[in-house]
Amino acid sequence: MSDQVQEQTHAHPSVRVYLSIAAILTAVTVVEVGIFYIPAIRGTAFLAPILLLLSAGKFALVVMFYMHLKPDSKLFTALFTAPLLLAAAVVLALMTLMGAWVL
Amino acid sequence: MSTAAATAHYTSTGQDTRKIAFWTFIGSECLLFGSLIATYLAYEGKSVVGPTPEEILNVPLTSVSTFVLLMSSLAMVLALAAVSTGQNRYARIWLATTAGLGTIFLGFQAWEFASFVHEGLTLSTNLFGSTFFVLTGCHGLHVAVGVIWLTTLLILSFRGKLGPEKAMNVEIAGLYWHFVDVVWIVIFTVVYLIQRGPAA
Chain A
1 MSDQVQEQTH AHPSVRVYLS IAAILTAVTV VEVGIFYIPA IRGTAFLAPI LLLLSAGKFA
61 LVVMFYMHLK PDSKLFTALF TAPLLLAAAV VLALMTLMGA WVL
Chain B
104 MSTAAATAHY TSTGQDTRKI AFWTFIGSEC LLFGSLIATY LAYEGKSVVG PTPEEILNVP
164 LTSVSTFVLL MSSLAMVLAL AAVSTGQNRY ARIWLATTAG LGTIFLGFQA WEFASFVHEG
224 LTLSTNLFGS TFFVLTGCHG LHVAVGVIWL TTLLILSFRG KLGPEKAMNV EIAGLYWHFV
284 DVVWIVIFTV VYLIQRGPAA
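Just so you know, the protein sequences line up as chains A and B, in that order. If you read the first sequence in our numbering, its first letter stands for residue 1, the second for the next number, and so on. If you read the second sequence in our numbering, its first letter stands for residue 104, the second for the next number, and so on.
If you are wondering where the hints come from, they were derived from the structure by calculation, not from laboratory data. Heads up, the beta-carbon is just placed ideally off N, CA and C, and yes, glycines get one too. Possibly wrong hints are sitting among the right ones.
Claimed, not checked - Pairs of lysine to any residue residues, derived as SDA-like cross-links and limited to a Cα-Cα distance of at most 20 Å, are as follows:
| no. | chain 1 | residue 1 | chain 2 | residue 2 |
| --- | --- | --- | --- | --- |
| 1 | B | Lys269 | A | Arg42 |
| 2 | A | Lys70 | B | Lys149 |
| 3 | A | Lys74 | B | Leu244 |
| 4 | A | Lys74 | B | Phe125 |
| 5 | A | Lys70 | B | Phe128 |
| 6 | A | Lys70 | B | Gln118 |
| 7 | B | Lys149 | A | Thr96 |
| 8 | A | Lys70 | B | Met271 |
| 9 | B | Lys149 | A | Met95 |
| 10 | A | Lys70 | B | Tyr279 |
| 11 | B | Lys149 | A | Ala48 |
| 12 | A | Lys70 | B | Ser187 |
| 13 | A | Lys70 | B | Ala124 |
| 14 | A | Lys74 | B | Lys269 |
| 15 | A | Lys74 | B | Tyr279 |
| 16 | A | Lys74 | B | Lys149 |
| 17 | B | Lys149 | A | Leu97 |
| 18 | B | Lys269 | A | Ala48 |
| 19 | A | Lys74 | B | Ile275 |
| 20 | A | Lys74 | B | Thr114 |
| 21 | A | Lys74 | A | His12 |
| 22 | B | Lys149 | A | Gly99 |
| 23 | A | Lys74 | B | Ile123 |
| 24 | B | Lys149 | A | Ala93 |
| 25 | A | Lys70 | B | Thr127 |
| 26 | B | Lys149 | A | His12 |
| 27 | A | Lys70 | B | Ile123 |
To be verified - According to the in silico footprint, chain B covers these stretches of chain A (three or more CB under 8 Å from chain B):
| no. | region |
| --- | --- |
| 28 | 17-25 |
| 29 | 28-34 |
| 30 | 53-64 |
| 31 | 68-81 |
| 32 | 84-91 |
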């Protein structure tokens, strides 16, 4: 049992790391909203890719550090990323099917 | 053998069964929200009558509610850290903060929905109304469930039943809460910031 406990218990990030992640998330959100209001970017094809990239970064930070996927077992990463990729494929497939590619 | 080891449920993987089950549930939730987001995007710009997203979405207001939800995730991890180390007072403060911020987020959403209905956008007005209310309403429902869950944990803490040996219960609630947060990160970007006009 002790081996199991050792395997199961992974060190979670420190409070300092949690606060740093929160600061980064806030800063990225401010940048996202700022980009939305920049006329030179808003009307162009660059807006969606830039915002999606920033959003993906925020998503990854929360999942890796707040949901502890980074220090936790790879089993959890597989249980999460497999359906996530499938969901992304559903989004892409449905948008293609409906001719909704006007980003 | 520690108390935590005695109460945990392990598998041949060495992982707690509850955590494996919950990550599997979160995986299924990815598919649910993936389908709702796909439906929103597939029908975006195809409404034949208004109001349209450009006319009605309030980005400044939603930016504030997004910040509130992000900060609730910070409060949640601090609550878990406090429960894990037996700091009951801080555990209660951070659990209450998380639930409170979740409630504020729901307040923002209720206000937004009410203002949209006032401006003529309902579930049956157009394709935008249908897909928007179903997507954000489903997310709001998840937030409401999370607030109830956190409140029960807070009550357990006040009754002295949420010590370090129960940290896994808080961690699983935290997984749910953070998932709700990451779903909103995607919705905020896709629905509010990337507004696409009618297809040519």
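Checked hints:
For the hint pairing Lys269 of chain B with Arg42 of chain A, the CA-to-CA distance comes to about 48 Å; that exceeds 20 Å, so the pair is violated. At roughly 40 Å between alpha-carbon atoms, Lys70 of chain A and Lys149 of chain B are farther apart than 20 Å, so this suggested pair is violated. Between Lys74 of chain A and Leu244 of chain B the CA atoms are separated by roughly 30 Å; this puts the pair beyond 20 Å, and the hint is violated. For the given pair, Lys74 of chain A sits about 15 Å from Phe125 of chain B by alpha-carbon distance, which is consistent with the 20 Å threshold.
For a cut-off of 20 Å, the pair hint linking Lys70 of chain A to Phe128 of chain B stands: about 19 Å separates their Cα positions. Simply put, Lys70 of chain A and Gln118 of chain B have alpha-carbon atoms about 15 Å apart, close enough for the 20 Å limit, and the pair holds. Of the pairs offered as hints, the one joining Lys149 of chain B and Thr96 of chain A holds, with about 15 Å between alpha carbons and a cut-off of 20 Å not exceeded. Distance hint between Lys70 of chain A and Met271 of chain B is fulfilled; the C-alpha atoms sit about 17 Å from each other, no more than 20 Å.
Under the criterion of a C-alpha separation no larger than 20 Å, the hint pairing Lys149 of chain B with Met95 of chain A is consistent with the structure, at around 13 Å. At roughly 17 Å between alpha-carbon atoms, Lys70 of chain A and Tyr279 of chain B fall within 20 Å of each other, so this suggested pair holds. The straight-line distance between the Cα atoms of Lys149 of chain B and Ala48 of chain A is roughly 19 Å, inside the 20 Å bound, and the hint therefore holds. Using a Cα cut-off of 20 Å, the hinted pair Lys70 of chain A and Ser187 of chain B holds, with the two alpha carbons roughly 19 Å apart.
Straight-line distance between C-alpha atoms of Lys70 of chain A and Ala124 of chain B comes to about 18 Å, which keeps the hinted pair within the 20 Å bound. Proposed proximity of Lys74 of chain A and Lys269 of chain B is contradicted: the alpha carbons are some 23 Å apart, above 20 Å. Restraint check for Lys74 of chain A and Tyr279 of chain B: the C-alpha separation of about 19 Å stays at or below 20 Å, so the hint holds. Annotation: proposed proximity of Lys74 of chain A to Lys149 of chain B is violated, straight-line Cα distance about 42 Å (limit 20 Å).
About 14 Å separates the Cα atoms of Lys149 of chain B and Leu97 of chain A, which keeps this hinted pair within 20 Å; it holds. For a cut-off of 20 Å, the pair hint linking Lys269 of chain B to Ala48 of chain A is broken: about 43 Å separates their Cα positions. Between the alpha carbons of Lys74 of chain A and Ile275 of chain B the distance comes to roughly 17 Å, so the proposed pair stays at or under 20 Å and holds. Our distance criterion of 20 Å between C-alpha atoms is met by Lys74 of chain A and Thr114 of chain B, whose separation comes to about 15 Å.
For the hint pairing Lys74 of chain A with His12 of chain A, the CA-to-CA distance comes to about 15 Å; that is within 20 Å, so the pair holds. Straight-line distance between C-alpha atoms of Lys149 of chain B and Gly99 of chain A comes to about 11 Å, which keeps the hinted pair within the 20 Å bound. A hinted pair counts as satisfied when its Cα atoms are at most 20 Å apart, and Lys74 of chain A with Ile123 of chain B qualifies at roughly 11 Å. With a C-alpha separation of about 18 Å, the suggested pairing of Lys149 of chain B with Ala93 of chain A holds against the 20 Å cut-off.
Pair hint Lys70 of chain A plus Thr127 of chain B holds up; C-alpha atoms about 17 Å apart against a cutoff of 20 Å. Taking the CA atoms of Lys149 of chain B and His12 of chain A, the gap is about 46 Å. The hint is violated against a cut of 20 Å. With a CA separation close to 16 Å, the supplied pair Lys70 of chain A and Ile123 of chain B stays within the 20 Å bound. For the region 17-25 of chain A, the assignment as covered by chain B holds, since 5 residues bring a beta-carbon within under 8 Å of that chain's beta-carbons and 3 suffice.
Chain B is given as covering the region 28-34 of chain A, and this holds because 3 residues of the stretch bring a CB closer than 8 Å to a CB of that chain, at least three being needed. With 6 residues bearing a CB less than 8 Å from a CB of chain B, the region 53-64 of chain A meets the requirement of three and the coverage assertion stands. Check result for the region 68-81 of chain A against chain B: holds, 6 residues qualifying (beta carbon to beta carbon below 8 Å, three or more required). Given a C-beta distance limit of less than 8 Å, the hint that chain B covers the region 84-91 of chain A holds, as 6 residues qualify and 3 suffice.
In terms of the numbered hints stated before, the structure departs from hints 1, 2, 3, 14, 16, 18, 26, listed from lowest to highest.
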